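Enquirer: These are the residues of each chain, in order.
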Amino acid sequence: MSEVMEEKTLTRKDFVSDQEVRWCPGCGDYAILAQMQKVLPDLGIPRENIVFVSGIGCSSRFPYYMNTYGVHSIHGRAPAIATGVKSANPDLSVWVITGDGDALSIGGNHFLHCLRRNVDLKVLLFNNRIYGLTKGQYSPTSLEGHRTKSSPMGSIDYPLHPLSVAVSAEATFVARTQDTNIKHLSQILQRAAAHKGTAFVEIYQNCVVFNPTAWDHTTDSDVKDDNILYLEDGKPLIFGKDRDKGIRMNGLQPEVVNLSDVDEQELIVHNESEDNPHYAYMLSRMEDPHMPLPFGVLRSVSRPTYDELLLDQVDQAVEQKGRGDLDQLFKSGDTWTVE
Amino acid sequence: MAENPAVSEAFDHEHLADERRSVVILFSGDSGDGMQLTGDQFTNTSAVLGNDVSTFPDFPAEIRAPAGTIPGLSGFQVNFSADELYTAGDSPQVLVAMNPAALKANLSELDSGGILIVNTDAFTRNNLRKAGYDANPLEEENAFGEYELVKVPLTTLTRNALEDIDSLSTQARDKCKNAFALGLVYWMFSRPLENTVRFYQTKFAKMPDVVEANTRALKAGYNYGDTIEAFSGRVRVPSRAVVEPGIYRRITGNEAVVYGLVTAAQKAQLPLFYGSYPITPASPILEGLAGLKNFDVRTFQAEDEIAAMCSIIGASFAGSLSATASSGPGIALKSEAINLAVVMELPMVIINVQRGGPSTGLPTKTEQADLLEVLFGRNGESPIPVVAPATPGECFFYALEACRIAIRHMTPVFLLTDGYIANSSEPWKIPDVDQIEEIKAGNRTDPEGYQPYMREAETLARPWVVPGTPGLEHRVGGLGKQDVTGNVSYDPEDHEHIVKTRAAKVAQIANFISPLQIDGPEEGDLLVLGWGGTYGAIREAVTRCQAKGYSVARGHLRSLNPFPSNLADVLKRYRRVLVPELNMGQLAFLLQAHYLVEVEKLNKVQGRPFQIREIMEKIEALLD
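Protein chains in written order, with the working numbering: chain A, 19 to 357; chain B, 219 to 842.
It should be emphasised that the hints constitute simulated quantities derived from the structure, not laboratory data.
These numbers were taken from a predicted model, which means no experiment stands behind them.
Be careful, since some hints might not be right.
What the hints assert, rightly or not - The calculated DSBU-like cross-link candidates involving lysine-lysine, where the alpha carbons are at most 35 Å apart (straight line), are:
| hint | chain 1 | residue 1 | chain 2 | residue 2 |
| --- | --- | --- | --- | --- |
| 1 | B | K658 | A | K339 |
| 2 | A | K201 | A | K56 |
| 3 | A | K339 | B | K424 |
| 4 | A | K349 | B | K437 |
| 5 | A | K349 | B | K424 |
Claimed, not checked - What the simulated footprint calls covered on chain A by chain B, stretch by stretch (three residues with Cβ under 8 Å from a Cβ of chain B suffice, anywhere in the stretch; the number is not a length):
| hint | segment |
| --- | --- |
| 6 | 105–118 |
| 7 | 339–347 |
As the list claims (entries may be wrong) - FRET-style restraints, in silico, Cβ to Cβ:
| hint | chain 1 | residue 1 | chain 2 | residue 2 | range |
| --- | --- | --- | --- | --- | --- |
| 8 | A | S291 | B | E711 | 53 to 61 Å |
| 9 | B | I654 | A | E292 | 51 to 59 Å |
| 10 | A | A212 | B | A279 | 44 to 52 Å |
| 11 | A | R303 | B | D664 | 52 to 60 Å |
| 12 | B | D737 | A | Q334 | 42 to 50 Å |
| 13 | B | F594 | A | S169 | 33 to 41 Å |
| 14 | B | D382 | A | G126 | 54 to 62 Å |
| 15 | A | T198 | B | P688 | 32 to 40 Å |
| 16 | B | G598 | A | E292 | 43 to 51 Å |
| 17 | B | I654 | A | D251 | 55 to 63 Å |
For glycine and all other residues, C-beta sits at the position ideal for the given N, C-alpha and C.
Full structure from sequences and hints, please.
Expert: If you want it as structure tokens, here you go:
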């Protein structure tokens with residue numbers, strides 16, 4: 019960033035657009051919007067260099083409320099559009115806002131390929147396990163048996179695990195957080211912003227109208243600490259209200275152990291930069307009722323970004339062949355002259 | 219041209235030693251026989267000698283359909299002439315058949331009196347069976363009475379010529395039989411070998427033994443012609459007498475599109491972003507651009523057609539000149555995203571290299587049946603300008619023009635080509651780069667009074683503001699919107715206003731494009747109106763009919779949306795209008811709907827271009 023830009027201090031208000039926010043009262047999206055508007059001023063990125071791209075769904079209204087550049091595009095296609103934006107101008111900070119239906123159902127293909135290419139985008143998936151904008155049909159993350167308007171006898175679809183999909187699609191940054199967990203959300207947004215490459219963040223988001231109980235086990239104060247494992251790099255996997263439980267390997271399986279019975283030395287030590295994706299994949303499969311849900315950064319590894327490689331090839335080509343000359347190009351190959 | 223009626227004349231072997239104005243050769247063999255390369259070499263050599271050339275490659279959809287079968291055939295037709303050419307010729311006067319399937323599939327096309335060169339070595343029992351012959355036709359008496367049959371044991375002769383090149387397998391040596399055949403044809407038409415020898419040296423630079431083998435086979439073929447006096451004589455097709463001075467090269471439609479896009483980006487001083495998913499027959503554009511990164515070309519091979527389209531929307535939003543190409547099925551997949559581009563009012567070019575449809579259809583064959591798709595194949599009112607070049611060389615100018623329209627009017631633009639002009643080639647006079655007008659592509663940076671959908675009076679274009687510009691942050695999307703502010707709006711009046719504004723914006727492009735030119739009488743009995751790759755056949759047919767004394771005029775549309783502003787007037791001046799199209803009558807349908815005129819239709823949907831005589835017959839039938 020240029021020095022001039024750093025001098026100009028932006029505040030949360032600078033990122034609030036003049037549009038009236040139209041989500042349902044109590045929607046988890048409000049909290050995410052507020053945190054984003056709070057985090058952005060701290061990143062030191064000039065406002066004009068920030069672009070939000072979304073698809074279709076409740077969450078995809080997000081760009082309208084951000085006073086940055088923004089595209090509210092079509093269903094599932096935000097990663098492809100954002101890839102074009104970033105390829106045209108790698109100086110931009112490009113954020114993709116998507117939902118469980120948008121990213122994993124109609125846009126599944128673009129989601130996969132954006133991750134494997136490692137385009138330098140921040141992808142925030144608001145997961146509420148339901149189609150909200152179309153008023154309550156089951157989504158690709160809805161649990162089996164979930165009764166919705168389009169599954170009155172219970173969903174017979176087996177759900178996807180967004181983090182597992184991301185790890186399998188060669189993501190270099192995979193994290194999970196939650197709408198109402200404000201401090202954690204803020205930290206994860208900052209971590210995502212700092213990552214070079216596709217940063218994928220699953221945000222548990224509460225749809226108060228169509229699926230209000232989906233995340234109760236991670237928000238009810240009685241149980242949430244027993245259900246969430248906060249990941250800290252270089253620290254053993256310990257969780258629980260009294261931080262009395264840990265996770266160790268038992269053969270090929272992780273298992274929960276009581277710290278009163280087991281020495282801390284035996285616990286798995288979190289290593290987000292483990293290059294081999296097996297570990298992050300294992301974490302991504304941990305879920306209730308037998309295992310806690312990991313929150314935080316599961317994986318953060320370094321790989322060249324697509325936009326960087328794309329521009330490198332342009333530079334290499336110029337270096338090898340010289341800057342393109344149309345006349346020379348037209349006259350390449352067999353030519354003949356008519357006097 | 220009227221003085222060039224030679225194209226369809228029968229090839230009279232009594233006069234083979236004579237000078238000919240033009241000749242059509244068809245090389246046909248297995249898709250692995252190197253027929254495209256052989257035809258290409260003959261064409262280049264002829265072009266460099268000063269002939270006009272026009273080619274039509276015809277290859278199978280399968281990469282290697284079973285060898286020896288008719289579906290596995292690959293053909294290359296070249297028409298070369300001492301006069302100006304407009305098509306690759308209705309039918310060949312020379313057929314080079316590398317196997318029985320090539321003979322079976324193409325013999326009926328060969329002009330009476332034509333020369334038939336066959337590779338007798340390939341007429342094995344197995345190959346004959348695969349081609350559907352019960353007995354060897356070469357052994358039947360008088361089976362080829364009307365042709366001059368030249369039987370050449372190509373495989374044997376090639377093997378003999380390459381006997382001592384031990385480093386190559388028999389299989390590799392046999393691959394050189396196309397070079398032998400080419401040498402023989404070079405002898406027949408008195409062509410020099412140097413161009414092709416040089417080509418081998420470059421293409422196989424890392425394999426000197428392959429260069430040696432091909433060169434030797436080529437020369438052996440040439441000498442074979444000389445030695446056995448296989449033909450009644452050699453043929454000379456002189457150079458063109460009157461040609462506009464300049465430097466020329468051969469160009470295919472797809473190559474010309476590549477050059478047009480790169481030129482547009484350079485003239486607009488913008489990077490070119492090209493997002494595409496491989497599809498026949500548009501892939502050569504992606505491949506061509508991928509090799510031109512030193513022109514700040516960024517190619518993105520997307521995961522699917524939808525992503526390709528979306529990526530160019532993103533790149534255009536961020537300030538690149540952007541383009542994508544596909545064919546009918548891919549355009550169908552892109553259509554939702556194309557509408558987002560319509561609503562975002564951003565400049566980009568979408569190329570549809572049409573092929574036979576519907577569905578997967580005929581991937582390697584040509585058709586003009588996507589005109590209505592590009593005009594109407596989207597939800598809602600979705601006006602998009604459509605330009606259609608008529609020849610391979612014109613693809614350069616119209617790719618450039620499509621970019622110019624896109625940027626000046628802030629709109630996606632369709633460039634509609636087809637498999638025929640995409641793969642065919644013709645001589646192209648290399649333009650003077652400095653004479654090509656710049657494209658003004660200034661991005662607005664002034665925040666004062668800025669509104670995302672404020673418009674220029676003359677074009678109704680909105681300003682192109684790109685991220686990175688301070689003070690002009692704004693959001694755009696696919697929802698209904700208010701004009702000027704661009705704010706989301708479901709208001710009935712707002713919606714109707716912006717729908718009408720988008721339509722008016724595209725309609726106003728008519729003020730910027732050339733009027734329709736007419737060749738022939740300014741009014742009269744018949745106007746033949748065409749568009750796209752049927753140009754050559756229509757032009758030649760009308761010219762010949764005019765020479766026969768018919769009162770017939772001809773026009774060719776390059777802009778299909780909007781139509782040129784003089785079209786209504788032109789249509790009124792003729793008693794009848796004939797529209798030849800490689801579809802079921804799509805332009806005819808539009809003309810009837812727009813202008814309430816009666817239209818005579820000539821339609822062909824065989825995956826092949828028109829023959830000149832088909833159009834002549836229709837004109838004569840209408841006027842007799």
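Enquirer: Now, for every hint given, state plainly whether the structure supports it.
Expert: Hints versus structure:
A C-alpha spacing of about 28 Å is found between K658/B and K339/A, which places the hinted pair at or below 35 Å, so the restraint holds. A threshold of 35 Å between alpha carbons decides the hint, and for K201/A with K56/A the separation of about 11 Å falls inside it, so the pair holds. In summary, the hint linking K339/A to K424/B is supported, as the alpha carbons are separated by about 20 Å, within the 35 Å threshold. Between the alpha carbons of K349/A and K437/B the distance comes to roughly 28 Å, so the proposed pair stays at or under 35 Å and holds.
Using a Cα cut-off of 35 Å, the hinted pair K349/A and K424/B holds, with the two alpha carbons roughly 24 Å apart. Given a C-beta distance limit of less than 8 Å, the hint that chain B covers the segment 105–118 of chain A holds, as 5 residues qualify and 3 suffice. Coverage of the segment 339–347 of chain A by chain B holds. Counting CB-CB distances below 8 Å, 7 residues qualify, and the rule asks for three or more. A C-beta distance of roughly 57 Å is found between S291/A and E711/B, which places it inside the suggested range of 53 to 61 Å.
Restraint check, I654/B to E292/A: a C-beta distance of roughly 55 Å satisfies the suggested window 51 to 59 Å. Under the hint 44 to 52 Å, the C-beta atoms of A212/A and A279/B, about 50 Å apart, fit the expected range. Checked against the hint of 52 to 60 Å, the C-beta distance between R303/A and D664/B comes to roughly 54 Å, which is consistent with it. The hinted range of 42 to 50 Å is satisfied by D737/B and Q334/A, whose Cβ atoms lie roughly 49 Å apart.
Separated by about 37 Å at the C-beta atoms, F594/B and S169/A satisfy the suggested range of 33 to 41 Å. In this structure, D382/B and G126/A meet the distance hint of 54 to 62 Å, their C-beta atoms being roughly 60 Å apart. Separated by about 34 Å at the C-beta atoms, T198/A and P688/B satisfy the suggested range of 32 to 40 Å. Checked against the hint of 43 to 51 Å, the C-beta distance between G598/B and E292/A comes to roughly 49 Å, which is consistent with it.
Taken as a hint, the range 55 to 63 Å holds for the pair I654/B and D251/A, whose Cβ atoms sit roughly 57 Å apart.
Comparing the model with each earlier hint shows no violations; every hint is respected.
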